[in-house]
Amino acid sequence: MTAAISAHGLSKSFTTGRGSRRRIVDAVDGIAFEVARGERVAYIGPNGAGKSTSIKMLTGILHPTAGAATVLGLVPWQQRRSLTRQIGTLFGQRSQLWFELTPRETFRMLGSIYRLDRDQVQRRVAELGELLEAGDLLDQPVRSLSLGQRMRCELAACLLHEPLVLFLDEPTIGLDLVAKQRFRELLVRLNTERGTTIFLTSHDVADIEQVAERAIVINHGHVIYDDRVAVMRRELLARKIVDVAWTAPVELPALSGVTVGERSASSLRLVVDTSVRPVRDVLDAVLLATDATDLTVTDPPLEEVIAEIYERPLP
Amino acid sequence: MSQTWTAIRLAALRTVRDPLALLVALAFYAVVASVISTLWRSAAHGHGGTIAGYSAGQLTWYLYVAEAAVTALNPRQIELTGEDIATGAVSVELLRPASVVGLRIATELGRCLPRLALFSVIGGGLAWWAGGAPVRPDGLLLAVPSLLLAVVCNLAAQHAVAAAAFWIRDARSAWFLYQKLVFVLGAMLIPVELLPGWLAATARVLPFTSMAYAPARLAAGHVEPHLLVLQVFWAGVLLVAAAAAFAAGERRLQVVGG
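As given, the protein sequences belong to chains X and P, one line each in that order.
Residues 1 to 315 (the numbering used here) make up the first sequence, in order.
Residues 1 to 258 (the numbering used here) make up the second sequence, in order.
It is possible that part of the hints are untrue.
If we take Cβ atoms under 8 Å as the criterion, some of the chain X residues that face chain P in the derived model are [stated by the list, open to error]: (1) THR59; (2) HIS63; (3) ARG80; (4) ARG85; (5) THR89; (6) ARG94; (7) GLU100; (8) LEU101; (9) GLU105; (10) ARG108; (11) TYR225.
Short, incomplete list of chain X residues facing chain P, as computed with Cβ under 8 Å [said to hold, decoys possible]: (12) ILE61; (13) ARG81; (14) PHE91; (15) TRP98.
Hints are computed from structural coordinates only; laboratory data are not their basis.
All C-beta atoms in this analysis are idealised placements derived from N, C-alpha and C, irrespective of residue type, glycine included.
Pulled out of the complex, with its shape left as it was, chain X reads as follows (with noise of 0.2 Å):
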């Protein structure tokens, strides 16, 4: 079977300024990989790293200037008619529902634009209803939806006719948190009982944690990083976090390889580099100085890690 997204040494180069102020600008510089038919991946990279270009490119919207891409075995840029049927896009800061319609009619209007007959989008309707969790607002305003309910419904407009793989930019931007968390559960579902493609844009730390099971990393134009979220939070920083519960605070021997982080007289944080010290040998030497009542180790945080590879040099 044909990898869902593909992309060898795809560069899009930009022309900016005039005269003498003319200069070229890389915003995707020979990037590569593939993605596997059901897999959820999370593209992500600072503002300007040129995610946006690429997505723009593999969605058929952009021309490169060097490079090969196939998404679902089409070339985008010279496909893109074809390719529309079987992709759904869902950019967060753009609508794609009539605000004095309801849902249920912008549906039709998609459905007669992706050729689907009355029964089918009426099929379909009901069933991403039903996953959705969305039956109750399809026929009511959209301008009188919240943002959450509206960006359920922008979801089904995106499914409507059953796309193979779901480019998603910013999708839970503007939610708020139970919103947030709800959107996530969604695409996850999706992914899981359609077995869905998707492929995820976010500044959001969450989404990425909660939605991917890998994370493309691209900054200045170059693929960096391209691993399984887990591993990436694993491996790439040497760190763990130890959350100290205590009744009496003391103080701790000097360990190399420890920082004492956050001190109050019922807590204490240590930062361990486990490539220096392993943890096991901060937790005794907690549990020997102090009275302490609870312990708790913990990964760093996920947005210091993607902070620490947006700041590696580049390949």
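Given chain X, work out where chain P should sit, using these hints.
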């Protein structure tokens, strides 16, 4: 074709769902058409009852219909379409298996149809009350398809002009100029017969007369079916021009970026 009809139907529904905006547009149309037609009736009476072959009553019908043909459309369509191009909203529309400009024109046509129907009925009533019964009911009948063709021509031309935003990014100045051309060369405010000779000759070879003058002249009782033929011709030319301009713009967007 089914997507075009669905777009027209649903867009019309959008307009109907906002009755307040519809009433405001109607009030604006009624006031402007009443004022201009009153001025022209006074001018006609001052010239022995007719000007350039139009009686005071005919001028009244002319102006109500010409105003309806133009004001039923969103006056800032070029600006809005240009903004959508400049901000990248159009590039997202490329991700649908449908013609971007085709769907846009169908949608705008659908949005303006309820306004056009309302303006025609209310405007017809006001014209009858102020200017008397139509001189030629068959002319009034021909004005109905002519009004539809007028808005199709106008929408196609506006989209062809708005496509300039693929290159120049800001189509606002184009909107301002275009509107004035429709007012003058489209003969919305002054029938072509009253324009200076050279300007009338220029107007007759340009598409703008198909956007206001044609339905207005037919409604005024000048039964000239060739005006409809000319409108069909211009509608075809302008739709092809809009499609070609968007196709070129989309190609540019794909190569240069949004």
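Consistency of the hints with the structure:
1. The criterion of a C-beta within 8 Å of any C-beta in chain P is met by THR59 of chain X, whose closest approach is roughly 6 Å, and the hint holds.
2. With a cut of 8 Å, the hint placing HIS63 of chain X at the interface with chain P holds, because the nearest CB-to-CB distance is about 5 Å.
3. Hint status for ARG80 of chain X: holds, given a least beta-carbon distance of 7 Å to chain P, under 8 Å.
4. The beta carbon of ARG85 of chain X comes within 5 Å of a beta carbon in chain P, closer than 8 Å, and the hint placing it at the interface holds.
5. Annotation: interface hint on THR89 of chain X holds; nearest CB of chain P at approximately 5 Å, less than 8 Å.
6. Interface hint at ARG94 of chain X: satisfied, since its Cβ lies 5 Å from the closest Cβ of chain P, which is below the 8 Å cut-off.
7. Here the hint on GLU100 of chain X is kept, as its CB sits about 4 Å from the closest CB of chain P, short of 8 Å.
8. Annotation: interface hint on LEU101 of chain X holds; nearest CB of chain P at approximately 6 Å, less than 8 Å.
9. Taking 8 Å as the C-beta cut-off, the interface hint given for GLU105 of chain X holds, the closest approach to chain P being about 6 Å.
10. The beta carbon of ARG108 of chain X is positioned within 8 Å of a beta carbon in chain P (closest approach about 6 Å), and the interface hint is therefore held.
11. The beta carbon of TYR225 of chain X comes no nearer than 25 Å to any beta carbon in chain P, farther than 8 Å, and the hint placing it at the interface is violated.
12. The criterion of a C-beta within 8 Å of any C-beta in chain P is met by ILE61 of chain X, whose closest approach is roughly 5 Å, and the hint holds.
13. Checking ARG81 of chain X against chain P: minimum C-beta separation of about 5 Å stays under 8 Å; hint holds.
14. At about 6 Å, the closest approach between the beta carbon of PHE91 of chain X and any beta carbon in chain P falls short of 8 Å, and the interface hint on this residue holds.
15. Evaluation of the TRP98 of chain X hint against chain P yields a held restraint, the C-beta minimum of about 6 Å falling below 8 Å.
Figure legend: structure checked against the earlier numbered hints; the only hint not met is number 11.
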